[in-house]
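S.K.: Line by line, the protein sequences give chains A, B, C, D and E.
Just so you know, the working numbering puts 61 at position 59 of the first sequence, and the rest follows in order with no gaps.
Just so you know, the working numbering puts 456 at position 419 of the second sequence, and the rest follows in order with no gaps.
Just so you know, the working numbering puts 119 at position 26 of the third sequence, and the rest follows in order with no gaps.
Just so you know, the working numbering puts 229 at position 223 of the fourth sequence, and the rest follows in order with no gaps.
Just so you know, the working numbering puts 88 at position 43 of the fifth sequence, and the rest follows in order with no gaps.
Please keep in mind that the hints were generated in silico from the structure rather than gathered at the bench.
These figures come from a predicted structure and were not determined experimentally.
In this text, a Cβ means the ideal position worked out from N, Cα and C, and glycines have one as well.
Check each hint, because a few of them may be wrong.
[Unchecked claim] Quick look at which bits of chain D chain B covers, simulated, 3 or more residues with Cβ under 8 Å:
#1 191-197
#2 270-276
[Said to hold, decoys possible] Straight-line alpha carbon distances no greater than 20 Å define the calculated EDC-like cross-link-like pairs of lysine to aspartate or glutamate that follow:
#3 LYS50/D - ASP91/E
#4 LYS242/B - ASP89/A
#5 LYS445/B - ASP89/A
#6 LYS72/A - ASP89/A
#7 LYS434/B - ASP44/A
#8 LYS171/A - ASP280/D
#9 LYS95/E - GLU142/E
[To be verified] Pair ranges (Cβ atoms, derived):
#10 SER196/D - PRO216/E: 37 to 43 Å
#11 LYS508/B - LYS79/D: 53 to 59 Å
#12 LYS430/B - PHE68/D: 24 to 30 Å
#13 VAL278/D - ASP91/E: 51 to 57 Å
#14 SER116/E - ARG447/C: 45 to 51 Å
#15 ASP71/A - ALA220/B: 24 to 30 Å
#16 LYS428/B - PRO58/A: 31 to 37 Å
#17 LYS84/A - LYS79/D: 37 to 43 Å
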Amino acid sequence: MGSDVERLVMGRYVVRRLGQLVVVVLGATMVLFACLFVLPGDPVGQIAGSDKARDPAVIEQLHKQYGLDKPLVVQYGSYVGKLAKGDLGQDYTQGRPVTEILAPKLLNTAKLAVVAIVFDVIIGIAAGVIAAMRRYSVWDITVTFSTTLAIGVPSIVLGMIMQWVFVIKLGWFPLISDGTFNSLILPAFTLAIIDAALVAQIARSTMLEVMGADYVKTAVAKGLSRPVVLLRHILRNSVIPVITYVGISFGALLGGAIITETIFNWDGIGLALVTAIQQNNNPIIVGVVTISVAVFVVLNLIVDLLYAALDPRIRLA
Amino acid sequence: GGGDDDASKDKGNGGSGKAGGTFRLGITEPVSIDPYNAQESEGILVTDNLFSGLYEPTADGQVVPVLAESKQVSADGKTWTFKIKAGTKFSNGEAVDAESFVRGWNRVAQKKAASDVAYHMAGIAGFEDVQSGKTDKMSGLSAPDATTLQVKLSAPDFEFDTKTTHTVFSPVPKVAGDAKNAAYNAAPIGNGPFKMDGKWEHNKKITLVRNDDYGLKKAKLDKVEISILNAANSANLEYQGFQSGQFDWARMPTPQLKPAKAKYEPQGEWLELDTNGMNYLLPITDNGPLKSAKAREAVSYAIDRDAIIAGVFQGMQTKSTTILPPVFKDVYTKDLCTSCVKQDKAKAKALAKEAGLKPGTTIDIGYNTGAGHEEWVQAVAQQLEDVLGVKVKASGKPFAELLADQQKPGATGAYRFAWGADYPTPDNFLFPLLSTSSINKDDSGKVTGDNRGRYSNKKFDDLLSKARATKDLPARNELYKQAEKVAMDDVALIPLWNRTQLRLVNTKKFADVKMDFHEDPNLAELSLK
Amino acid sequence: MADIEKKPVDATPNVTEVAKTEASTETAAVNAIEEPAAQGEPIIQVRNLVKHFPLTQGILFKKQVGAVKAVDGISFDLYAGETLGIVGESGCGKSTVAKLLMLLEQATAGEIFYKGQDITKLSGRALKAVRRNIQMVFQDPYTSLNPRMTVGDIIGEPFDIHPEVAPKGDRRRRVQELLDVVGLNPEYINRYPHQFSGGQRQRIGIARGLALNPEIIICDEPVSALDVSVQAQVINLMEKLQDEFNLSYLFIAHDLSIVRHISDRVGVMYLGKMAEIGTDAQIYEHPTHPYTQALLSAVPVPDPEAREGRERIILSGDVPSPANPPSGCRFRTRCWKAQDKCATEVPLLAVPERFKASKTPAAHESACHFAEEKDVVHAAS
Amino acid sequence: MTELVTGKEGPAAAGPTAEQQGAEPTVVRVSQWSDIRARFFANKLAVLGLFILVVLVIVAVFAPLLAPFDPLKQDLANTLQAPGGDHLLGTDSLGRDQLSRLIYGSRIAMIVGMASILVACTIGIVLGALAGYFGRLIDSVIMRVADVFFAFPLLIGAIVVILLMGRGVLPVVLSLGIFSWATFARLLRSQILSVREMDYVHAARALGASQFRTIRRHILPNSLTAVLVYATSNVGIAIVAEASLSYLGVGVPPEVAEWGNMIAAGRDFMGVKDFMWMYPSLAIVVTALGFVLLGNGLRDALDPKLR
Amino acid sequence: MKTNKLNEQAEGDDMTSAETAGGSGPDKAAPLLEVRDLQVEFKVRDNVTKAVNGVSYSVDAGETLAVLGESGSGKSVTAQAIMGILDSPPGRISGGEIYFQGQEILSMPENERRRLRGAKMAMIFQDALSSLNPVLSVGFQLGEMFRAHRGMSRKDAKAKAIELMDRVRIPAAKQRVGDYPHEFSGGMRQRIMIAMALALEPDLIIADEPTTALDVTVQAQVMDLLAELQREYNMGLILITHDLGVVADVADKIAVMYAGRIVETAPVHEIYKRPAHPYTEGLLASIPRLDQKGQELYAIKGLPPNLQNIPSGCAFNPRCARAEDVCRTDIPVLSQVTERDGTELVGRGSACHFWKETIHG
Ligand SMILES: Nc1ncnc2c1ncn2[C@@H]1O[C@H](COP(=O)(O)OP(=O)(O)OP(=O)(O)O)[C@@H](O)[C@H]1O
Ligand SMILES: Nc1ncnc2c1ncn2[C@@H]1O[C@H](COP(=O)(O)OP(=O)(O)OP(=O)(O)O)[C@@H](O)[C@H]1O
Ligand SMILES: [Mg+2]
Ligand SMILES: [Mg+2]
C-alpha cells in the first residue's frame, strides 16, 4: 500500500510516543524530586564516608555549586532544562558529571541486560518450542516443571547459589567482575532465568495457540513440510507476544539488575543506585531513575514498532 | 620527637631489598587524588606517593621531616618559618620551592575549591578571607626566598608543623592551576617518589610509576597498579584477589578473618595494627537519658565489649579503654576508662538507678547503614536492654540523615561514632570531639561542629588551651593526658574498640612492607625480595 | 402468531404525523408512558435517527478525525402488536438501531417517540418507566447472560430494579412462572448459564425480557447463533408469546426466510440507511429497490427444483465502509442500474412516484431513483 | 404449560416437556464455585501450592508456640553455631537461633506479601475501574499516571519510597504497593473494557439498572477474576521483593527476624557458614513456589476456556 | 434386525474393510474418494469425545457431495481426517479407512501423504480470515503452493499467484499481491482461499462451510465462483454446510450427519421431497421458506446430543417422535432405501429403524 502514507503515519506515531516518553520521564523525575526534597539531612553536609561534618563555608559553597540553595521548583526547572541537553548534573562526592560517572556503568548494565535478554530469548523460546511440539511428553512436563520452579526461585537466592556452586565450589568463574565475558555469564544468567522461564511459558502457550490456529491447518493442508510449517507459520506468529513480553520485562530487568549487580558486584547502574542511596548522592539516584525510566519507555516504543513490523495487522495510531 | 631538625634521617630500609617489581592492590574509588581534596585513606594513598610535603607522619605517630630542612617557631607560637630543601623538582622538571608551597596552600583554601580538607589550614592568617572569596591569597603565607616559607597564624599553635604532615599541605607546580582544573585533578603532577602513569581511570585503575628524578630517597618499586574496586564488597574482592595472586595487599571480609588468619599468619603474610582511630558510642551529654555522667557510665559498664569482640568480630578487634588511641604512645594510658575494662552488670545497674535510668526509659541509638555496623549495634542494644532494663531503639539511616539527626537541636541518646586522626597529635582528637568551641551551634541551635555529643567542661577546655599554648612537647603531652582524664571521668565518650587494621601482604615477593599512618602500604619504602 | 391487519398500503412513516404528547412534568410523562397502547396504533416512531461513532486520535486529549456513520437518518414506525423485521448485511447498522431504541447508545441526532414522548430526552423516573416497557433479546446467548449469576438471579434482576412490579415475597414464584412460560424447568432456578445449551440460554434471555411485562421487545438476531434444529423452537416460542402478551417486536436478522416468517412488515437496511420498507408481501413479492432484489435473489432456496429457473442477481464488489460511504445513493457502487444521478442525489425513502397512483403492492416506500418492480422469489414459477 | 413444539407433521403429541428438554444427563447440579473448586483440587500442583501456603500461615500464626527460642535473643557466646544440637538450624553471628528467626520470618513474609498486594489491589482496582468504566479524560489521566508508575522498575520505585519513609514494615508494604498498582489498574481496565461491551451489561442497563448496580453486580464480578489470579501469583513476587529490599539493606530493620535480612547477614559467610543463607533462601523459594503454584492453579481453575 | 447385529459388532472393533457400511449405492469403479467406517475421538482431560462414529461416504470426480448436519455433528472432523490435519493430540483416528483414487491414505507414510495435500486434495475453510496467516502476504501464501510442490522460484511463484488472483476475480491482482489478509474484504479473502485450493488443480476439494461467515449477497458470489471452477476442472467437491439452501443450489448428493454418524444419504433432488430419516425430515420442516409463510414452524424437540455421552441406541431417539424401544437399544445401520415395491433407490440410504415409515408415510 501507500508506503509514503504509512511512513508518515508511523513518523507521527513515533513523535507522539516520544511525546509520551517526555511526559512519563518528567512525571517520574518530578515524583523523585519531590521525594528527595522531603528527605531529612543535608546531602552535602558531611565529608564523604566519615563522621566529620563539613565546614559551613564549604557547605555554603557546595550548595551554591549544586544549586541546593534554590527552591525546589527552581532546582527541578534547571534539572529539566539540563536534562533536555542530556546533562544529568554533577554528583555530590566527586563533583563529576553524572553522565560521565554513569556512562560506563550504564554500558556495563547494558552488557548484562543484553546478554541476559539473549539468554532469555534463546533459552525461553527453545524450551517453549520443545514443550509445545512435544506436548504432554516428558519434555513438556520437564519444561513446565522447571519453569515453574525457576519462577519461584528469587534472584537473590539464585544468584547466591550460582556464586556458591560455580565460583566457590567449582571455581569456574571469577568472583571479581572485571567486565569480561566470563565474569558476565553468571550475573546475566541469574538475571535472565526468571524471564526465560516466563518466556518459555509464553512461547509454549502461544505456540500451542498458534498450532491450533486455522492458518496452521491451512499450511499443513497445503502440503508444506513440517519445518516450513514450524518456522514460517508457527514460530513467526508465536514470537510476537514473546517480543512484547521481553520489551515489558526490560523494566523488570533493570530492577532485577539491582539485585544481580549487588550479588555479583557488577559495576552497573543498579549497584550505583544502591551505593548512592547509602551516600545520599541524589544526583546519581535521580540520574539512574531517569535513565531507567527513559530506557524503559524507549524500549517499549521500539517493541511497538517491531510489533507493527512483524504483524501487519497492527496499525500504529 | 617531632621537633627534630634532622632532615636527612634515613628511614632505615637498609638496602636489603632489590629494586623493581610491580605492587598491586585494590582500593575503592577515591573522592580525589589531588592534594586539594584528597581525604580518605584511598585518596591519600595516591596523593601521598605523588607528593612530598614538609613533614610526614610515621605509623607509630611520630612526625618526620621530608622537604623541611629546619623549622622555627616564634615564642608566641604564631609565626613559623620553614627552610626547604633546595634542588628537588616536580616530575615535570619544575623546581620545588617555597612559592610552590604557597601556591598549593592557597589553591586549597580558595572558596571555589570547596575543599573538604581546607579546614586544616584554618589557623593560617587570612584563611577566612580566602574561604569567603574576598581574596585568593592567604595573608599569612609568604616565601621570602626560594627556600624559605613563612607562615603566620591567627592564633598560637605549637603543633603547626605536625599538621603539615597532611597531604593537603603539599606543594604544587604552576600547571596545577586552580582546584577545579579537571585535567590536573585526574593526573596530578607532583614531587613525590612516584608519578602518575596515565591518568586516573575512574572506577577502574590508577597506575603509579617510580619517579626516577625524585630528589630524596628514591622508591624501589617500578610500578604500583591500583585497581579500583566496587565499594559494595571491595574487602571480598581484595581478599579473593590476594588469594588468586592478583593483589599483593588486601583487606578481608569479617567472616573470613579467622580462616585467613589461620592460614596466612604462619606464612608471615598477616599484618595487624591498631591505627590512629577509635570507635565510640557518642552520647548526647546535654539532653536526654544520657545527660548525666552516671547514666553514661552505666551504659559503658553494661556493654560487654569482650563478648561482642569475640562473638561479632571473631576476636579480631581490640577493646578500647581510652579516648586517645594507642598509636599515641606518649600519651596512651591503658584502662583509663574503668567502665570499659569489663562488663559489670551490678555496677551498671546501680549507676543506672542513681542516674534515673529505669524500665520505660528509651535510649535511641543511631547508626549509619550499609557499613557493617548493624550487628554490633544490635548486640549493644540488647545488652543495654538486658542489663539496664531500658528500651533501646536502634535505627539505621543513610549517612546524611544520621548526621542531620546528630546535629539537630534536641537530639538524645547515643550514636555510633568513629574518629581518626588526620595527623599525629592528641589535639586532633580532644579538640574537635570534646571542646566546647567545637560544638558550634548555629542560630537554629543546630550543632555544626564535630562535638556533636555537646560535651562541655570548663576544666577540660582550659587544659586543652593550656596544652596548645605549650611549646614543649612532653609538657604538652602531659596536659593532653590530664584533659583526657577529665573527659573520661565524665564519660564524655563511651569507647568501644580500637581501630584495628588487618591486612594480608605478599611477603613472598616483597620485603619491608609496613602499614603507614594512613593504613596504606609504605610504597616508597618497600622492596622486591 | 399475531394476526395484525396489514397496514394500509400507503402507510408511509415519513409522512405520518407524530402524535406528540408534551408532558410538562415527569409524572405526566410517566402516566403517558404507562397508558396502554391501542392495537394498531404506532407505538414507536423513529424520526431521522442518526448515530455516528467518532474516530479519535490523541494522547491526553482526543480529537475527532472522522466518524463511522453507523446509522445515518432512519425513520420508521412500529405499531402496537406487530412485528417489524429489519434485514440487511453485516455492518449496515441494525444492531445500532436496536441499541438506540434501547437507549443504550446516545443518538447523534433524531428522535424516538414512544407513545408520543421523545424518549431520547427522558431521564429519571420517566426513563425508568420506558425501560420497563421496552426490552431486548440479544443475539449471542453466550454473552448476554452474566456467567456469575444464577438463572434465578438473572430473571429476577428486573424485579430488583423495578421493585414495584413484583412484591418481594412474590418474586421467586414469578421467576419460576417465567421459566415455565419459556419452556424451562422451574427447578433450574439455581443453575448457572454455562450449564445450559444455546437454545435454553436464549429462552432465559427471553424470560428476562418478559419479566417486566413489556410492550415491546427488540430482538437483535435472536436465533442466528442457534443450531438449525433449535431455531424453530425459539421462533415458535416468540410467536406464541407475542399472541399471549400482545407484544410488539422489532425483529432484526440477516436470514431473510426467518424474517419473513415472523414479520408483518419488513425494513431493508443498507449502509446505515433504510433502503425499502413495506409489508412482508410487498417486500418479498414486489421489491422495488435493486438492493432488496439482489438480496432476495441471493437467498438460497432449500428446494432444488426451484434453482434452475431462478434468476440470480450476483452483485459485484463489497459493501463500502460506513466511515466513508459513497455519495448520493449508497448502493450505487454495486448497483447495476446506477446512473449519474445516483452519485449526486440522495434518494428519499418514499413511495415511488410511478406507483403512487396505483394500488399495486409495489406502492411502498423505497429509496431508489429508479425503483422498479421485480419479483425475484417467484421468478421460477 | 402450553405446547411449544408443534409441527405440521406433528409428532403425535409426544409430550415435549421442559423436563425432558433440559435433562442433559451430564449436567450435574453444581454451582459455579464448586465446579471451580473441583477443578482446582483435581490439580495436584495447585493443591501442593495450597498446602505449602496453609502450612506457612499456620507457622506464621503460631510462631510463638513453634519457635524454640526468642528470635531476637542474642547469645554472643554461641555465635555461628553449625546446625544441630540445641539450635537445629544453627545460630547467626549474634548467636540468635536461626530456626526461630526463620519461623518468625514467615510472619513478615506473609504480612508484607499480602498487605502490599492488598494496597496495590485497592489502588489498582479503584483507579482501573474508574478508568475502564468512565473512559475519556479520566481514563487518559489515570493511564498516564499509571504509565509513570509502570515505568519505574518495582525495586527502584520501592527503594525511593523507603528512602522517603524510612525503614520498616509499613514503608515496605506501601512502597511495594505503590509501585505495583499500575499493572492491576491496567489489567482491570482492559478487563472492564471488554466486559463493559458484553451483552449482559447492556441487558442490565436496558432493564434500567443504575450505574452503581451495573458496576457492582455485572462488571466487577466478571472482570475481577483475572485481577485476583494476578494478585495471588503476585503475593509471591511481593514477598521476594520484600526480601530483596532487606537484602539490599533498605527493607525492614536488620534486627527483625526476616528472611531477606537473614540472607543478607549470611551473604558474607558464603563458603564459610553456608547454612546461614541457605535455610532462609529455601524458605523464600518454597513460599514463592507455593504462590506460583496456587496462582497457576487458580488461573486454570477459573479459566472459562478450560471449562 | 440382522443389519443391526452386524453393526453392533462393528462397533466392537474389528470390522474388515470389505464391509462397506450400509448400501451406499451401486458398486462402480473405484470412486475418487471413499471413506469407510471412519471413527475419530478426542481425548480432553478425562473425557473422550466421540466426534465421528463410523462415517462412510464417497465422492466421484466432478461430483458434489454435500455433508449436512448441525453444529458438532462431526462434519469438520471427518474432513480434517481426510486431509490428515486433525489436531492430534487430542484427536485420534480410532478406526476406518480412507481411499483416495483407490489408495488407502491413512496408512500412507507422512511424506507421501504430504504430497497429496494441496496437490491432489485441497481444503477451503469456513473462516478465511483466521485461515490465512496474518503476517504473510496473500501473494506469498498463494505462491507457497508452487514453491512447495513445484519447486518454483519466488518470482515465478509470485507471477502464478497473480494469475490465480485474477482467476478468482480479485481486481487489481498485480497491485494487491503483496497485501496482507486483513486488508481484504471477507468475500475476497474467501476467494483467495479458493484460489489457494485450486492452485495445483487438485482432484478433490473439501469446502468446510465456505460461505457461512459471509454476507448473503457475497455468499452468492463466492458459491457461484466455486461451483463454476469445480465444473471447469471436473473436481470432486465435498461441501460441508448446515445451510440446506446452499445445498439445494449446488449439490449432487447429500449425506446428513447426526452425532458423528451418517443418518441419511441421498441424491439432492430426492431428499427434499422424501426424507428417509426423521432427523432430515425435521430439519427440512423447520426451515421457514420465503414462499411459504403462514403456519407455525415445525421444530425438532429437545437438544442436540452430548458427544461425551451419546444416547444408547439411535442417537436421535430422545428427540424422535417415532422412537420405540428398539431405537433406545439398537444402533440402526445405514441401509438401502427402497420404494414401497422394493426397488432400490439409487444412492439412498437411511440409518433409521423405521425408515420405511418415514419415507412412505
Ligand atoms: N461502539 C462502536 N464504535 C465504533 N463503531 C461502531 C460501534 N458500534 C458499531 N460500530 C460500527 O457501526 C457500524 C454498524 O454496526 P452494527 O453493529 O449496527 O451493524 P449490524 O448491522 O448489527 O451488523 P451485524 O449483522 O454484523 O451485527 C459498523 O461498521 C460498526 O463497525
Ligand atoms: N481439536 C478438538 N479438540 C477437542 N474436541 C474437538 C476438536 N475438534 C472437534 N472436536 C469435537 O468434535 C465434535 C465434532 O466437531 P466438528 O468440528 O466436526 O463439528 P461440525 O459438524 O463441523 O460442527 P460445525 O457446524 O459447528 O462446524 C465436536 O463436539 C467438537 O467438540
Ligand atoms: Mg448486529
Ligand atoms: Mg465445522
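S.K.: Quick check: which numbered hints come out false for this structure?
M.R.: Checked against the structure, the hints that fail are numbers 1, 4, 5 and 17, while the rest are satisfied.
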